[in-house]
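Participant: The primary structure of each chain is shown beneath.
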Amino acid sequence: AQSVTQLDSHVSVSEGTPVLLRCNYSSSYSPSLFWYVQHPNKGLQLLLKYTSAATLVKGINGFEAEFKKSETSFHLTKPSAHMSDAAEYFCVVSAGNFNKFYFGSGTKLNVKP
Amino acid sequence: DTAVSQTPKYLVTQMGNDKSIKCEQNLGHDTMYWYKQDSKKFLKIMFSYNNKELIINETVPNRFSPKSPDKAHLNLHINSLELGDSAVYFCASSQVDGGAYLPKNIQYFGAGTRLSVL
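Protein chains in written order, with the numbering used here: chain A, 86 to 198; chain B, 25 to 142.
Note that these hints are calculated values from the structure, not bench results. No residue lacks a Cβ here, since even glycine has one placed at the ideal position from N, Cα and C. Please note that the accuracy of each hint is not assured.
A few chain A residues facing chain B, derived, Cβ under 7 Å [as the list claims (entries may be wrong)]:
1. PRO125
2. LEU131
3. ALA172
4. GLU173
5. PHE186
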């Protein structure tokens with residue numbers, strides 16, 4: 086079975102400080118992992134993906150994530166938060182035929198001036 | 025040129041009505057999906073079609089009926105709308121080449137349809 090746990094429902098940081106959004110997964114297969122971002126009243130945009138190549142994945146807007154199999158984690162980081170990063174972030178695991186997606190419950194990132 | 029487009033963007037209707045949401049993708053993908061996002065932002069898959077055939081059907085009331093006239097379209101029809109159907113519905117598409125597990129495949133999402141049932 087596949088599942089995703091996002092450990093924090095809300096994260097608040099100051100502009101210019103680092104961001105850490107935590108994600109743990111469970112999968113019966115070798116998983117693919119994704120982070121998507123949803124800005125208010127908008128659709129879902131892909132930030133980055135891990136598909137069994139390099140364990141450190143770089144995405145758009147300065148975000149990156151590290152796949153750690155031993156910890157079953159795929160945490161999202163960014164060295165310096167920007168006001169425009171304020172949004173809802175979803176960790177997703179994909180496994181099995183037809184690439185069924187399993188979403189985490191989301192982490193709302195708030196960036197303070 | 026929008027890759028996955030949904031219409032309408034907003035839908036407000038009365039309980040008991042029947043409504044449809046349309047989705048079209050111009051990416052040439054062979055698989056399309058419908059997701060429901062509830063008020064707590066949780067996203068859950070409802071249906072998936074591969075080459076016009078239903079391949080994923082989660083526990084969804086019979087009032088929801090997806091229809092795929094061709095690979096590029098997946099419409100969602102909802103009968104006898106209930107208050108609990110209020111949510112944001114997202115369409116997505118992906119290329120899965122016959123169904124084998126291909127880790128590199130990404131799902132591309134539409135902007136969502138916000139359904140409010142009064």
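Participant: Hint by hint, which ones does this structure get wrong, listed from lowest number up?
Facilitator: Those not satisfied are hints 1, 3.
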